[in-house]
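2 protein chains.
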Amino acid sequence: MTLQRVLPFTKSLLEQVVQKGDAVVDATAGNGHDTHFLAGLTGDSGKVYAFDIQQQAIEATRQRTEAFRHVELICDSHAKISQYVTESISAAVFNLGYLPKGDHTIITKADSTLQAIGQCLERLKTGGLVLAVIYSGHDGGSEERDAVMDYVKQLPQTRYDVMKYEFINQQHSPPFLIAIEKKQQRQKK
Amino acid sequence: MTLQRVLPFTKSLLEQVVQKGDAVVDATAGNGHDTHFLAGLTGDSGKVYAFDIQQQAIEATRQRTEAFRHVELICDSHAKISQYVTESISAAVFNLGYLPKGDHTIITKADSTLQAIGQCLERLKTGGLVLAVIYSGHDGGSEERDAVMDYVKQLPQTRYDVMKYEFINQQHSPPFLIAIEKKQQRQKK
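Chains as they are written, first to last, in my numbering: chain G, 1 to 189; chain X, 1 to 189.
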């Protein structure tokens with residue numbers, strides 16, 4: 001298969017952008033898969049901040065990443081990222097929607113998601129990526145999707161490239177990827 | 001820059017899917033850039049069929065690919081691909097719109113484009129790719145774009161994966177990529 005699925009493609013972008021020693025954010029720790037992957041990429045000279053509002057997710061992520069000492073688990077809203085993360089980051093990743101195998105009525109919401117994305121963009125290094133995998137098949141999902149799309153489309157192209165990667169002939173609202181790269185600022189003459 | 005632009009990303013997909021000895025189609029030879037690139041990928045044990053309705057484009061492509069003996073230049077509509085190409089192909093590439101530096105009123109049109117894509121899909125090997133870079137900023141461009149999108153969205157997901165790769169915060173209707181991969185057919189039990 002030549003065309004990468006959304007989740008492997010997301011991982012391949014993280015591999016390209018995250019270096020040993022970097023600080024990064026997993027804004028939706030969930031069951032800890034991305035946190036674990038990021039912990040490997042940053043190495044123990046780096047730092048992974050993993051957020052989730054559900055204790056169940058934090059516990060699952062703790063178990064999955066117990067081999068690492070450079071993962072900070074934060075049971076709080078990702079709308080408060082800027083309170084916990086004060087250094088520059090090379091990447092942040094969001095998996096929107098509900099906790100897989102968890103309570104499907106507890107979902108990420110447009111308001112806090114947009115705040116979190118905005119705070120990650122503020123902390124983002126030049127050349128860094130904010131990645132959001134967007135699921136919209138669940139109740140409330142399409143509202144969040146639309147809000148995120150409205151927000152990212154208006155990001156100024158002088159400062160950001162915003163890319164959408166999506167399979168368009170699938171049934172059942174498959175997830176798609178939004179990738180935001182912070183560009184080098186042009187020097188004023 | 002981590003996020004590849006549309007044209008380099010298109011080339012990287014061709015590199016992954018085209019092997020030495022393959023037959024491939026450049027459905028819009030234009031100034032011959034893709035034909036030249038494909039001729040390198042297939043090697044002289046392969047074959048590149050390059051179509052353009054404009055003699056000016058065929059001549060430009062001839063000059064750019066004169067080092068190769070396995071390029072067949074066809075000054076005819078790509079709606080007749082199946083008349084010229086009878087073997088299986090691993091890839092076909094379309095750059096829709098007008099000839100760069102040519103007459104901007106001579107443009108690819110929805111009808112013939114859809115026929116050409118359909119004929120390429122018929123010839124396409126399992127695992128092969130049909131790639132279409134879609135420009136829609138010119139007069140007539142949005143009609144063709146909409147027709148292509150309607151067509152590819154309804155391709156059955158049991159037989160094809162259809163992916164869209166696009167930058168969504170840019171002004172001036174930048175080109176985007178549609179990639180169609182032919183899937184392995186499931187064996188009936």
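Calculated directly from the structure, the hints in this document are not laboratory data. The C-beta atom is built at its ideal place from N, Cα and C for all residues, glycine as well. Check the hints yourself; a few may be wrong.
[What the hints assert, rightly or not] Facing chain X, from chain G, some residues (calculated, C-beta under 8 Å): (1) Pro8; (2) Gln16; (3) Leu114; (4) Asp150; (5) Tyr151; (6) Leu155.
Kindly indicate which numbered hints from before are broken by the structure, ordering the numbers from low to high.
-> 1, 3, 4 and 5
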